[in-house]
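Residue numbers (the working numbering), protein chains in the order written: chain A, 1 to 169; chain B, 1 to 128.
What the hints contain is simulated information worked out from the structure, not anything from laboratory work.
Among the hints, erroneous ones may be present.
For the chain A half of the interface with chain B, some residues (derived, Cβ under 8 Å), not all of them [stated by the list, open to error]:
1) Leu16
2) His46
3) Gln91
Simulated coverage check for chain A against chain B, where a stretch passes if three residues somewhere in it have a Cβ under 8 Å from a Cβ of chain B [claimed, not checked]:
4) 26-38
5) 49-58
6) 92-98
7) 143-149
8) 153-164
Backbone N, C-alpha and C fix where the C-beta goes; we use that ideal spot for every residue, glycine too.
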Amino acid sequence: MTSQQILFIVLGALTLAAALMMVTRRDVRRAALFLMFTFFGVASLHVLLEAPFLAAVYLFIYGGCTATFAVITLRRNMMDTPEGTGGHNRQWWAAALVTAALLSTIGGLLRWTTLHPDWVVSSTPTPEHSISALLAILMNPEGLALPFIVSSVLLLITLVSATTIARTR
Amino acid sequence: MEPLLLPGERSSTLQGMVPLEWVLLLAAALFCIGLYGVLSRRNGIAALMGIELMLSAVGINLVAFWRYLDSETMMGQAFVLLVYATVIAQTALGLALIVAVHRTRGTIVLEDLDLLKESPRFPPYGED
Numbered sequence: 001m002t003s004q005q006i007l008f009i010v011l012g013a014l015t016l017a018a019a020l021m022m023v024t025r026r027d028v029r030r031a032a033l034f035l036m037f038t039f040f041g042v043a044s045l046h047v048l049l050e051a052p053f054l055a056a057v058y059l060f061i062y063g064g065c066t067a068t069f070a071v072i073t074l075r076r077n078m079m080d081t082p083e084g085t086g087g088h089n090r091q092w093w094a095a096a097l098v099t100a101a102l103l104s105t106i107g108g109l110l111r112w113t114t115l116h117p118d119w120v121v122s123s124t125p126t127p128e129h130s131i132s133a134l135l136a137i138l139m140n141p142e143g144l145a146l147p148f149i150v151s152s153v154l155l156l157i158t159l160v161s162a163t164t165i166a167r168t169r
Numbered sequence: 001m002e003p004l005l006l007p008g009e010r011s012s013t014l015q016g017m018v019p020l021e022w023v024l025l026l027a028a029a030l031f032c033i034g035l036y037g038v039l040s041r042r043n044g045i046a047a048l049m050g051i052e053l054m055l056s057a058v059g060i061n062l063v064a065f066w067r068y069l070d071s072e073t074m075m076g077q078a079f080v081l082l083v084y085a086t087v088i089a090q091t092a093l094g095l096a097l098i099v100a101v102h103r104t105r106g107t108i109v110l111e112d113l114d115l116l117k118e119s120p121r122f123p124p125y126g127e128d
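Construct all of the structure, not just a fragment, from the sequences and the given hints.
Next up, the structure:
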């Protein structure tokens, strides 16, 4: 087992442990902090997969999400009711069954079937100047320029809608 | 470290690299944990956190397929960037809905948000 594989196993185990802690915490604030740990773990996996710029963008976006989650859940009247908002509902066992079945199905498919024959692993290295190469695709009219513009319009519409929904009358 | 396989040779493991199946399994496990969070949590914000986990797993999958199958160009990473933009839009709107629901209903416990639930006062459509 190579050092990269050992590093992947360690980082993956830490990420999954943080995710498990997140879904099992009764206190939503602690869950938000464990979610932040999970995001750091996933960002480290991005770096291991040779996408460091995406790791930074991921941390900006998702880490920013977690900060927003934490700030909102820290509002006491939203976080807790007399009955308590933390914890799990009555169907938690069914959810565990469903997710265990899904994970075992996917794991079985990955373990006992061969991957698609057209999935040939590329042995060429990643581009040297990644950010300029990325922008060359995002700004190219024959590349992803139109989806880029559409996603920016989507963000504008979403943020205007969010502020309209959430504003006090 | 130099790969031992020639370009185009069929395998899912290069010399020293993590096999693609491991990364896909990790992403699937993260997705399933997020799914459990969405299905079993009472708090609406905790359910949103579960959705965030699921979308993170999708991101890992996309980056892994980019790295293992198409790492010559940056098209995969550009696609992942657009996916992340959609994710942040969904998160913002979800949080705004949670804030609005809390203001009008006074609770964000998902079991108590049952306005669409069938009740004896409001029979299903078609019945008198």
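Now for the hints, and whether the structure bears them out:
1. Leu16: 6 Å, holds
2. His46: 6 Å, holds
3. Gln91: Holds - the Cβ of A:Gln91 comes within 8 Å of chain B, reaching about 7 Å at its closest.
4. 26-38: Check passed, 5 qualifying residues.
5. 49-58: The restraint on the region 49-58 of chain A holds, since 7 of its residues have a Cβ under 8 Å from chain B and three suffice.
6. 92-98: This one holds; 5 residues, not fewer than the three required, reach chain B with a Cβ under 8 Å.
7. 143-149: holds (count 4)
8. 153-164: holds (count 7)
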